[in-house]
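*Asks:* What follows is each chain in one-letter form.
Protein chains: 2
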Amino acid sequence: MADKLKGKALIAQSGGPTGVINASLVAAVKETRQHPEITAIYGSRYGLQGALKQDLINLGIEGDRTLDFVAKTSGSALGSARKKPEPEECVTVFRVCKAHDIRYLFYIGGNDSAEAADIINKDAKQAGYELHIFHIPKTIDNDLKFSDHTPGYGSAARYIALEFMGFTNDQRSLPGIHIVKTMGRKNGSLTSASVLGKRAENDAPHLVYIPEYPVSIDDFVKDVLITYKKYGTCVVAVSEGAKTTEGEELVTVAARELYGKSELLPKDSHGNIQLSGFGVDLDYLLCKVIEAGEGIRVRTDRETYNQRCHPTIVSEVDRKEAAIVGRQAVIEAIRWDSDGSIAIKRTGYGPDYGIKLFVTPLESVAKGTKSMPEEFYDPAKKMPTDAFRTYAQDLVGELPEQGRLKRYAVEKKAI
Amino acid sequence: MADKLKGKALIAQSGGPTGVINASLVAAVKETRQHPEITAIYGSRYGLQGALKQDLINLGIEGDRTLDFVAKTSGSALGSARKKPEPEECVTVFRVCKAHDIRYLFYIGGNDSAEAADIINKDAKQAGYELHIFHIPKTIDNDLKFSDHTPGYGSAARYIALEFMGFTNDQRSLPGIHIVKTMGRKNGSLTSASVLGKRAENDAPHLVYIPEYPVSIDDFVKDVLITYKKYGTCVVAVSEGAKTTEGEELVTVAARELYGKSELLPKDSHGNIQLSGFGVDLDYLLCKVIEAGEGIRVRTDRETYNQRCHPTIVSEVDRKEAAIVGRQAVIEAIRWDSDGSIAIKRTGYGPDYGIKLFVTPLESVAKGTKSMPEEFYDPAKKMPTDAFRTYAQDLVGELPEQGRLKRYAVEKKAI
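Residue numbers (numbering that gives the first Met the number 0), protein chains in the order written: chain G, 0 to 414; chain P, 0 to 414.
It cannot be assumed that every hint is accurate.
Put simply, identical chains are the same to the list, so a pair is met inside one copy or across any two.
Using 27 Å as the maximum straight-line C-alpha spacing, the simulated BS3-like pairs for lysine-lysine come out as follows [claimed, not checked]:
| no. | residue 1 | residue 2 |
| --- | --- | --- |
| 1 | 185 | 229 |
| 2 | 52 | 7 |
| 3 | 319 | 405 |
| 4 | 7 | 83 |
| 5 | 287 | 124 |
| 6 | 82 | 52 |
| 7 | 82 | 405 |
| 8 | 3 | 97 |
| 9 | 97 | 355 |
| 10 | 144 | 121 |
| 11 | 366 | 287 |
| 12 | 97 | 144 |
| 13 | 369 | 228 |
| 14 | 82 | 97 |
| 15 | 412 | 7 |
| 16 | 83 | 228 |
| 17 | 369 | 3 |
| 18 | 287 | 344 |
The hints are simulated quantities; they were obtained by calculation from the structure and are not laboratory data. Every value quoted in this text rests on a predicted model; they were computed, and no experiment measured them.
Extracted from the complex, chain G is given alone in its bound form (with noise of 0.2 Å):
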C-alpha cells in the first residue's frame, strides 16, 4: 500500500442545525488526534464561507472538557450556511487548502452538502488538487437516500413526539381543534413523528398530513369536522410541504386567497418559497375550519425551530450515533485513501436495536431525497403506521407514560 496521504484537515458544517450535529463534529475532532496523517484539524466557520475568506479556527487546540461540552450543545458551533459552492468558489477553496497544506475535508450536512461536496471532489480531482472528501450525513428531514435514517432525526422526532404529548394533554383539558405545522418540506418522517407518544385512539394527533400524499382543502376540513365530531377534539399535525391535491403548496394557495397575492410571500436564498417562517397557510386552514364548523374552538400551531436546536431534549441515540458516524468518516478517509458518504444500515429493532456503518459514494447522497416508505403511512386513515412506529421509536427512545385517572363515576341523585 502506497504512502497515506498527510496533511491538515479541514471540516464544516453545513444545512440546518440539529441537535446532535456537535456531536458529530467533536467526534470528528477527537479522532483526527489517533492519526499520524492528518497532522492539525481547522474548523471552517458557516460552511464553506470560512474556507473561502479564510475564516478558519484551529479545533486541535481547543481543550478537551470545551470539546465534550460542545458535544452536548445543540446547533452547528461553527455556523453553517445553505450556499452550494460555485465552480470559482471551489478554486478559491483549493487554493486556501494549498496554503494551509489541507488534505482531508470532513463536510458535515444532508444531501445539498453531500452535493456540495461532491462538485469539490470533482474539481478538485480536475485541479489535479489531492483532497479526501467525506460527507458526514446529518438531517433532522430524514430523507437521505440509502441510509436507514439520519443523525439528526432522532432529537427531532423526539423534539415532535414530546409537543403532541403536550398537546394531548392541553386538548383534555380544553378540547377543540388544533391545527399544527411542523417541519418537512419532501418527506413526511418528522410530521409523523407526532404519533410516537400517541397512546390512545383520542390522543392526539389525529389526523396527520405528509407531502408524500397531496390533500384538497375541503376533503381537509372534511376530515377534521368528522374527527372532531367522533371525538369531542382534533388535532392535525401538518407538514410544512403539504401539497393540495392541484400539487400546490398550501402556503401558496393560502396566500393567494387570503392575500390575494402570493408574490408577498418570503422566498429562501434558493428561490424556494420560504415554508417554515410564515404562518398564512395555517391561518387559511383555521379560517375554513371555522367557516365550516361554527363555534368551535379553532386553533392554529406552527413547530418551531427548536425541532432543531433545543437545548435539552435530545435522543440519546442519535447523540450517540451521530457522534460514531462523526468519527467514522475520519477512519474511512484515512483507510481507503478516498472519497465517500458515511451511511446507516440498521441490524435490529427493538431489544436487538443496532446498526452498521458503510461507506456509499458522494454523488449516490447527492442527488434526490428519499420519502417514507409507502407502509409507513395509511392515506385512508391519514395516520403513520405501525411499521412507522417501529422504525421510529428506537430513534427517539423511551417517551414518558402520562397518569390519567381511573374516573370513578358518581352516580347521579335527583335535585
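Starting from the structure of chain G, add chain P where the hints point.
*Replies:* Chain P alone, transformed into the frame defined by chain G:
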C-alpha cells in the same frame, strides 16, 4: 368554637391548564383524607360544567399510585372550562351540592376562576346554602394580584427560557431575524422569561415587547434592523397582547392591513379576539421587516400550547409550590370555616429562596390582574431588567449552560 361544617368536598379545574395544575389537584385530594370533616372528595369535570350536569367523579377512591402519577402529568386531569357561571347556573350548582351533601368547594384557576368562586360564594350566602369555597391559584400569566408569583408560571417560564436558548443556538448556526410570539395578553412576565437563559449580549432574545409598553410598527421595524446590524442576528420576543401606540392589538392592525378585513379574526367565547391561535400578526411584522431590510433572512414563530402543557419541561420549585398551595387550601377551608384564596409571599431570593402562604379574600383577586412591576422592564432597551432576572430565576430552576468553542483563529495565508 362551633362544630366544623361536615360534608363532601368538590374540586374543579378552570381556565387554561398548566404544567403543575394537577399537582395542586392531587395535593388537595390527598389532604382531604386527613380531615374527618370531609367525608368524600369528588371532582367536577370541565370546570363547573360537571357540577351543573352531575358529571362528577369520585377522586377519593383513586389509588395513590394513580394520583402520584397524575400529579406529575401536565394539563388539567379533570378537564377545564373558561365559562363564568350565570346566576341561574349557580342555583343549579347548589342543588347538586345539596343532593350530594357537598359543603366544600375547591376551585383551581386564575382571576376569572376567583371571580366565578366569588359569584358562587355570594349566591350561596344569599340562598342560605352553607358552602365553603377556596380558590387555589394557578396561571402561566403570573398576573394574580397579591401573590408574588403564581403556580404554573415557573414551568411555563422555564419552557420559554429553554426555547430561546435553542433559538440562540439556531441563530449561531444560521443568523437572521427571528420574530417569536409568546403567550401573555396583558402581563409581560412570560414573554420576559425569554431572557432567563441569555448569557451573552448576542444571545437571544435581543428585543422583548410586552403588552405593558405599546410600540409603533415603524419603531419595531427600526429596532429590529438596528439590532440586526449590530449583532448580525436579531431574535425578538413579542407578547401576543402587544399593542401598537394607537392602542390597537397588533393582530387587529395586521388583519386589517393584510386581509383588508379584521372581521375575519376568530374570537373566543368571551368575544375577545383570539390571539394565540392566529399568526397573521407575525406574518405582518415579517412582511414589514422583509420590505425594509431587503435580503435578510426573516422568520417568525409562535410559542405554542406547550408553554402550559409540556410533558417533561417543568420547574420543580413550581411543582412543589403548586402542591403546597393545593394542600393549604384544604387546611384553611377547615381551619377558618370561611372562604378565600391562597396567596404567595416571597421570603427570600437565591440561596435564601422561600415562600409563605396567606389567605386573601376571594374578591381581592377576582377583579383585575396585575402588570409586571415597572422595575422589571427597561422600555429604552426593550429588555427585561436584572431585577426581573433575580425575581424569576428562582421560579424556573437551573437552566443548562451551553458549550461554546474558544475559536482560536488560524492566521490567514497568501493564496
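*Asks:* Of the numbered hints stated earlier in the document, which are not met by this structure?
*Replies:* Going through the list in order, the structure violates hints 1, 5, 9, 11, 12, 13, 17, 18 and respects the others.
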